[in-house]
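As a plain string of letters, each chain reads:
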Amino acid sequence: MSQRPLAATGAHVHSSPAAEPPLLSVRKLRIEFPGRRGTLVAIDDVSFDVARGEILGMVGESGAGKSLTGAAIIGLLEPPGRIAGGEILLHGEPIHSLPPAAMREIRGRRIAMIFQDPLTSLNPLFTIGQQLTETILAHLDIGLQAARRRALDLLTEVGIPAPEQRIDHYPHQFSGGMRQRVVIALALCAAPELIIADEPTTALDVSVQAQIIALLRRLCREHRTAVILVTHDMGVIAETADRVAVMYAGRLAEIGPVREVVQHPRHPYTRGLMGSIPVLGADVHRLVQIDGAMPRLNAIPTGCAFHPRCKDAFERCRLERPDLMAAGPTRAACWLYPPSPNPEPTP
Amino acid sequence: MIAFILRRLLQSTLVMLAVALVSFGLFRYIGDPIHNMVGQEATLAEREALRERLGLNDAVPVQFARFVGNALRGEFGISYRMQRPVADVIAERLPATLELALISGTAALVLGIALGVYTALRREGWLSHLIMSASLIGVSLPTFLIGILLIYVFAVELKMLPAFGRGEVVQLGGWSTGLLTASGVKSLILPSITLGLYQLTLIMRLVRAEMLEVLRTDYIKFARARGLSDRAVHFRHALKNTLLPVITIAGLQIGSIIAFAIITETVFQWPGVGLLFITAIQFVDIPVMAAYLVLIALIFVVINLIVDLLYFAVDPRLRAQRPGRGH
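These protein sequences, in sequence, are chains B and G.
Note that the first sequence ends on residue 1224 in our numbering; no numbers are left out.
Note that the second sequence ends on residue 391 in our numbering; no numbers are left out.
What the hints contain is simulated information worked out from the structure, not anything from laboratory work.
Don't take each hint at face value.
To be verified - Cut-off 25 angstroms, straight-line C-alpha distance, at most; resulting in silico cross-link-like pairs (SDA-like, lysine to any residue):
hint	chain 1	residue 1	chain 2	residue 2
1	G	304	B	977
2	B	905	B	979
3	G	304	B	997
4	G	250	G	225
Claimed, not checked - To give an idea of the chain G side of the interface with chain B (calculated C-beta under 8 angstroms), a few residues:
hint	residue
5	283
6	286
7	287
8	288
9	289
10	291
11	292
12	293
13	301
14	304
15	305
16	378
17	380
18	381
For clarity, every value in this text was computed on a predicted model and none was experimentally measured.
Using N, Cα and C, we set each Cβ at its ideal position, and we do this for glycine too.
Given these sequences and hints, build the entire structure.
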């Protein structure tokens, strides 16, 4: 698609000062959890952009900080977690330090969120119609009748059959896949510009997963809604995302166009991640395995957080922390790709 | 729904029959009822005649059936001590207990829910900590001690409120109420606090714990992510889910407020059924004890039935009419 100029650019690059700022810009984000035994840094120096209508996949192991990044963007970090540094910009406007009331205006209306488990995302005591209309009325200045009509339209759009009857049903009367469709309809209530989908298919049957992903992708194309798709399912990412960001121990390991990252991963961690996916029909005796486990947040190694598990690690990896550096079409935080002698300015 | 109610009604009937059996056993087998009724100088022949007349020589199941039949008509015999029908004595005393229970129960429920929600939402506030600490007193001090302390402070030292009795009452048909006179209302205050304090703290702590639990659920997070106002999230989404388990406990607590007002009524010499029961025990007034037992069981059964129906009204998952499942 020609209207996606930013899709292929790296994370730190503002293509030119005159250009319109990206839809979402995360700059040097740092999230801390103050505790009795010292402060844990859960997200450290994470920067990336999301363009209008773009689907950014975000992968990594459990605890890598994917969901936390999503929660920080929509302003729903659970205390004591807090944004300790960096900024989050929506159309160039900072939103990470807005007062609660102003943040509520953004939540649901400009940035929506979909959670992992559709079975627990809906309030069991209210009909889906009640939950849809209250969300619509919270954001749009229309009457109850118009809100209900919009709710019906949304249910039709997400593929709920016989919406006129289903709208008055309670969540427990829907199957898992249908509930996730309702959750998506709820996210779309006020036509947001960005949806953060936090593992939207993990809790669903495999056959239903594909339907939900297809639905999400179709809706985003139609509405030009951007999506941050948090998952640890590389298959979903490969099928759906335009770009992919790989997280490791609260940092970005690699970010770039999805085809490049999947087929020619630059960062050793990404390589290990891709190699660990079984491929149908491929004649492989053993899957690649990354030795060891992701470090705990209170014991993140010096230098590159991945170096103790990295086969290619050398002296510099232990001492100096790598920033994201251009590695062909992607950008990787790895000293295998040191900046060229005449580097572009790093922000 | 109808089947559910019928099933519950059947269960309730069984419970009531079991209680009636115990109550009948009390009446029939603790002491000799004839001995309790006639005077010292009654002859053996007179006793035997009375025994025959009262049907005490019939087979036990027949006697039990007759007991149940009488109970259904509200007849529990004659109080040994007062020589009046038990039903009349209880009907006379019941308004006092019900008024006391109603006032303290309502206050416990309303204040308990309000304070519970407040302390859950302002978890770290100093006022919440204060309320939580104070609630420990309510949970741990025995009722009679609270009553005596209140009497000492407000009746003896400050002389603001009466120490005992119901004050002036007004007769409304068969119902004597203390709510219409100033002295009646004043007399209600101390016993209501004494009776309701424990329930208040219990409900408050329960509501707080449930609310904190609910606030952690996904649907609350999702409600926030949808951009709903705090008020909608807290008082529409969270509170309704919080109150679900609270209904059960609150129902049972209100039952026990009525049933176990005995201590409070004793401390304040409150002329209710609890005090009646205590005196009945002291004088081995078996018919009164038997009737009280059946009455309290009935109250619990009815409250349980109401709680079940409330659940039905509040939780759509229980109303599962042909679940519309499928993709």
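Hints and how they fare:
no., hint, result
1, 304(G) - 977(B), "24 angstroms, holds"
2, 905(B) - 979(B), "23 angstroms, holds"
3, 304(G) - 997(B), "16 angstroms, holds"
4, 250(G) - 225(G), "6 angstroms, holds"
5, 283, "4 angstroms, holds"
6, 286, "5 angstroms, holds"
7, 287, "7 angstroms, holds"
8, 288, "6 angstroms, holds"
9, 289, "4 angstroms, holds"
10, 291, "3 angstroms, holds"
11, 292, "5 angstroms, holds"
12, 293, "7 angstroms, holds"
13, 301, "5 angstroms, holds"
14, 304, "5 angstroms, holds"
15, 305, "6 angstroms, holds"
16, 378, "7 angstroms, holds"
17, 380, "4 angstroms, holds"
18, 381, "5 angstroms, holds"
Of the hints listed earlier, there is not a single one the structure fails to meet.
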